[in-house]
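The lines below spell out each chain.
Number of protein chains: 2
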Amino acid sequence: MAQPQVSYVNTTLKKNSFLDRKRQIVWEHTLLHQLELLKKTGRYDAFRLQWHPSYSDPPDHWPVPNHLFWDSDVGKWIEAACYFLHDRKNSVIEDAIHELVEMIRSAQKEDGYLNIHFSVVAPEERFTNLEHLHELYNAGHLIEAAVAHHQVFKNDRLLEPLVKYVKLIAAKIGPETGKLHGYPGHPEIEIALIRLHQVTKNPEHLALAQYFIEERGAIRDGKHFFAAEAEARGWHPFQRPSYYPKPQSFWYNQSHKTILEQDSVEGHSVRAMYLLTAVAALDKYRVERKQEYRDALVRLWDNMVSKKMYINGGVGAIADWEGFSIDYFLPQGTDEGGCYAETCAAIGVMMLAERMLQIDLNGKYSDIMELCLFNSVLCCMSTDGKRFTYVNQLASSEGKPARFEPWFTCACCPPSLSRTLGFLTGYLRTTNVDHDANTAHISVHIPAAGTTTLKVNNETVTLDIDSDYPLSGTINFTLHSPSSVSTTLAIRIPPWASSNFTISPLPIPLRQETSYLHLPPSYLLSTPTFTLTLPMRPRFLAPHPATTTARRTLALARGPMVYCLEDVDNTWVCDHFRSLRLDAGRARVRFVGQRGGAGGAQGEEEDEEEEVAVAPNGERVRELTFVPFYFRGNREGRGQMRVGIGRM
Amino acid sequence: MAQPQVSYVNTTLKKNSFLDRKRQIVWEHTLLHQLELLKKTGRYDAFRLQWHPSYSDPPDHWPVPNHLFWDSDVGKWIEAACYFLHDRKNSVIEDAIHELVEMIRSAQKEDGYLNIHFSVVAPEERFTNLEHLHELYNAGHLIEAAVAHHQVFKNDRLLEPLVKYVKLIAAKIGPETGKLHGYPGHPEIEIALIRLHQVTKNPEHLALAQYFIEERGAIRDGKHFFAAEAEARGWHPFQRPSYYPKPQSFWYNQSHKTILEQDSVEGHSVRAMYLLTAVAALDKYRVERKQEYRDALVRLWDNMVSKKMYINGGVGAIADWEGFSIDYFLPQGTDEGGCYAETCAAIGVMMLAERMLQIDLNGKYSDIMELCLFNSVLCCMSTDGKRFTYVNQLASSEGKPARFEPWFTCACCPPSLSRTLGFLTGYLRTTNVDHDANTAHISVHIPAAGTTTLKVNNETVTLDIDSDYPLSGTINFTLHSPSSVSTTLAIRIPPWASSNFTISPLPIPLRQETSYLHLPPSYLLSTPTFTLTLPMRPRFLAPHPATTTARRTLALARGPMVYCLEDVDNTWVCDHFRSLRLDAGRARVRFVGQRGGAGGAQGEEEDEEEEVAVAPNGERVRELTFVPFYFRGNREGRGQMRVGIGRM
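For the protein sequence lines, the chains are A and B, in the order given. Residues 1 to 648 (the working numbering) are what the first sequence spells out, left to right. Residues 1 to 648 (the working numbering) are what the second sequence spells out, left to right.
Here chain A stands alone, though its shape is the one from the complex (with noise of 0.2 Å):
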């Protein structure tokens, strides 16, 4: 039941497969690619604490100032490089952390105080507006970071800071009088305080969390405490930051009820997902109210994923407050009303699918878990691993193409996408061990090829998945599990190939429940190798009926992998594929396959599917060429791109 940024050392990839391919790329780029733009726009050097010229511009979103994030932006690298310096080397990459660390130390007060932007530009406004300024999110990702940092390096330099910032802010913040009554209004630190509790064994580090959980959205002598924190700061009633739509939209930030109270999910969803994934996360330490906190979880969960969720997993379909919309409203573009689909919200959607997995292993967590990683997480970052994006639209209009960028003024995603390779594999597959019982478990959430490795005791029990999924679905499995430890699997078996997967040796009984084919040690002991099957035929999707914002469309997928139209293969496009009818009835797919076969990171461009005898608008067009949506917006084109079709 550890984390995934603790269990992923469990698992390693095949070398070269497609996942593999994906990580490697950032270790050989990415993370050199963001620690130059990292010294490039001050960031970082930011935490010697001079002034930086930057710190002058007019914020894009009042009232947070631009440069707000910087700690953050620096935690999160440190936290990915981590990440990948468990099994390898980079002196450029070690030498920049160590760097960094002693800057990160040198910045603390003498308190503990531990914050960029309130130490150089605004000293006097620490913790006056917890609301909007991003102080304790930033905590949490430099708690983060010095958790991984801990990790990999064994030592201490990070953690002692964040640890003594931590007791700093416990004494500022909590149930106790005289303390502020108050919770961040990013959710981050909750998660990240989970797991240093975990490292530290410190009660009062789980028991912060817990506190800003559970008060969050309570009214207290009459008031929501960030209203009583706006008026202490003598912000006139009606004033509001950029991204409220009105005066005290608390929902924007999960804020506007007790979580236990929340029936639908609502806001910002970034901040909705690392909020709930902190919930999920605490689960397993919660002793009161932990059935009302798991329907809560299960209740926002199936809000979001049933009405509230695109086709390719991303989540927010707004662009003002980056955010939820109402049931069943899911524009696929700009031009259609909205979609945001932020890079980070489809991470949050995953790490919140994680956890949710720890308390009930059902395939509606990990469905959609994959559904993200492979159509709303790898299509945020380009196949040289050096631009991204931050908005994910399903389709492109006149002013917003489908195209990367190579940073962004707040540049959350990229970072975050460097730490999700980072510790991939803990996504891939849950392993538990008792050593007492003598007991291995692996679930298998997604059957990339790896190894997974397990101590129990003195014995190490291994298990071998080859496959090239998620290309073919094909799947060999070997398990070398001396007889004294009793190994079982579970495996996720995708709805899309519930009715037709076939694996062989048959185990007998069939064993399937939510989802997950479960392999008992009798079955395991007489059949250490096995092949599963899932037949990938391509299909098409449509949204949910109750969908109000999408005209009847089609959306091609084949396997896990959703599709989409790009002007660079279909040339003639002119309206971004607006106007464009799929014949449903006449659609015939042929699966080329791919032409670049498994040699090099671009190997994946090649795997098209080609869709014969439709018709658009006006003219007959007598074939289409999609590609996977996570491949979109790699080569030179016009940027215009689609992923739900027009039906006739």
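Since the hints were derived computationally from the structure, they do not count as laboratory data. Since the structure is predicted, the reported quantities are computational estimates derived from the model, not experimental observations. We put the beta carbon where it would ideally sit given N, CA and C, even for glycine. Among the hints, a few may not be true.
[Unchecked claim] With a straight-line Cα cutoff of 20 Å, these simulated SDA-like cross-link-like pairs (lysine to any residue) come out: (1) Lys223(B) with Thr177(B); (2) Lys246(B) with Pro58(A); (3) Lys223(A) with Pro58(B); (4) Lys246(B) with Ala319(A).
[As the list claims (entries may be wrong)] Residues of chain A clear of chain B, computed beta-carbon distances all greater than 10 Å: (5) Asn155; (6) Pro175; (7) Arg299; (8) Ile326; (9) Asn438; (10) Asn457; (11) Thr462; (12) Val485; (13) Leu510; (14) Phe540; (15) Arg552.
[Unchecked claim] Incomplete in silico selection of chain B near chain A, CB under 7 Å: (16) Phe238; (17) Phe329; (18) Glu336; (19) Gly337; (20) Thr549.
Following the hints, put chain B in place on chain A, whose structure we already have.
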């Protein structure tokens, strides 16, 4: 080419005909009811310039005080009442008008200033916030009241103070150095000044209207007027009113560009309609850039009608700014992403359409004028004339029932309805007389029953139209035109009858242009009595296929009327007809007819249609009962209603 507020006196409705009953309700009930509410809420006495407790209320929409519109509420009521007093008497109404007029006179400051809020609450803020504080908007409505008052009472008691006030405004605002180079945030005074000029013939009144129109959106010394004005007020650069999605969202009030530069209709829909109505009304006085302004009007009209208008003529999809969304974004209700369709906006579309018809006699304008009258204006008042709607969604949803309200904090809509019905006949016919040439022309835009009378020198021309229109399509015309007068008629053929209308006796040749049938003196002299038949087959309307928000829907229509489903008739409904699916292939519409006949104001309540063989989600429904949309909300029900029904 007179304004409809003047020309309406030429046409009287047939007693107890459909529209006469509507107008009669306003005379018998609505005006007196609204007068009572003016008194009860404090508006009636507000021109006494005493403090009212509500002046301290926090604003519903910061920074606009709730009482800011009171001047206009009083002005619009006076204006509405005056239109009725043309041919009838009521001492209660007349006494109130006289008392109000004397109060208004007494409220005028020495220098001519005349405004409740800026006299009682904020005298030091005069002319410092044209963008948000409706100072010129209120002046406009008082001017329109004064013009209507002058027209019926033939005295200057109200005109005089308003002319004086306009003189002050023109001394403060204008192109000259030392004046504010500004214009109102809410257009209205432009229309009023053009009407005032028609009475006073003072060229300064026309020039001020023209200045407001042409200055709008201009950049002077690198600054937008509203930006400069906000800066002068000391506003924080990121401060913004509750209805601006972003700071400086000047598109909200159509000042983001000059009118000539605008190519799509944006922002608050009432403001847009009032502005464009003024631009169209100025056309006949314009010498320079006449064609450019006409092109802008046509461009913006076409954008609105083809891409931003609901199937019933409603406009404005977004509640937050009470206005237009992007092209083809037309959700039917809140749970589909919006729908505002404000009463005043539909009235504004009629106003604009009427002025456009004076520039170009084209069915593209009168078709929409009629659509709005029967389906998005008449729907805004209950059958008893005492309850109103502000927002007119095409589908109800949880928390948003289809219901009337007795009054509103911002009470713009109810008196606007009263005044629209006051001069309603000005929309039905347009008349032109040339005394020198001894010619008369009548354009019949809407063939509701009534008599139009024109004086041509000493002769009288009358056109009698007898019909049950809009309830039936048989229309009998009788023209009395002395042979000395050369009379022509133009009769609009609605689009739903364009292919199957008949006229008997048949004119040879049949000259039909831009949806109007043109009847020359040669035909009319020999055929003073003729019958036009516009077959009213029930039909289904579908939204434009590019509409992004409507699932495939169908709406029932018959003649000019659009229908809806209500829970009162379809009692099984529990989800606002959201999941209902109409089988268009099997649906058969049986027209039951008017059970109530023409007796009394409620007669049209019984005009129902039944729809047979329809299947919703799950269960089969054998019969659906539709009622005209204008009638929705009039019976005790749960407020569940829908116009566009999902199709299978």
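Going down the list of hints, with the structure as the test:
Between the alpha carbons of lysine 223(B) and threonine 177(B) the distance comes to roughly 16 Å, so the proposed pair stays at or under 20 Å and holds. At roughly 15 Å between alpha-carbon atoms, lysine 246(B) and proline 58(A) fall within 20 Å of each other, so this suggested pair holds. Of the supplied pair hints, the one linking lysine 223(A) and proline 58(B) holds, its CA atoms being roughly 18 Å apart against a limit of 20 Å. For the given pair, lysine 246(B) sits about 12 Å from alanine 319(A) by alpha-carbon distance, which is consistent with the 20 Å threshold.
For asparagine 155(A), the requirement that its beta carbon stay farther than 10 Å from each beta carbon of chain B is met, with the minimum near 44 Å. Every C-beta of chain B lies more than 10 Å from that of proline 175(A), the closest at about 32 Å, which supports listing it as non-interface. Distance check on arginine 299(A): its Cβ is at least 17 Å (rounded) from any Cβ of chain B, clearing the 10 Å threshold; non-interface status holds. Residue placement check: isoleucine 326(A) does not keep its beta carbon more than 10 Å from all beta carbons of chain B (closest about 6 Å).
Separation of asparagine 438(A) from chain B is adequate, the least Cβ-Cβ distance of about 53 Å exceeding the 10 Å criterion. Look at asparagine 457(A): its CB is around 57 Å from the nearest CB on chain B, clear of 10 Å, so calling it non-interface holds up. With 10 Å as the threshold on Cβ separation, the claim that threonine 462(A) sits away from chain B holds: the shortest Cβ distance comes to roughly 51 Å. Listed as a non-interface residue, valine 485(A) keeps its Cβ farther than 10 Å from every Cβ of chain B; the least gap is roughly 52 Å.
Listed as outside the interface, leucine 510(A) is consistent with that label: its C-beta sits roughly 34 Å from the nearest C-beta of chain B, beyond the 10 Å cut-off. Against the 10 Å criterion, phenylalanine 540(A) stays outside the reach of chain B, whose nearest CB is about 17 Å from its own CB. Distance check for arginine 552(A) against chain B: the nearest CB is about 6 Å away, which does not clear 10 Å, and the non-interface claim fails. Checking phenylalanine 238(B) against chain A: minimum C-beta separation of about 4 Å stays under 7 Å; hint holds.
Restraint check, phenylalanine 329(B) versus chain A: the minimum CB separation of about 5 Å is within 7 Å; hint holds. Nearest Cβ of chain A to the Cβ of glutamate 336(B): about 4 Å, under the 7 Å cut. The hint holds. The restraint placing glycine 337(B) at the interface with chain A holds, with a minimum CB-CB distance near 5 Å, inside the 7 Å limit. Annotation: interface hint on threonine 549(B) holds; nearest CB of chain A at approximately 6 Å, less than 7 Å.
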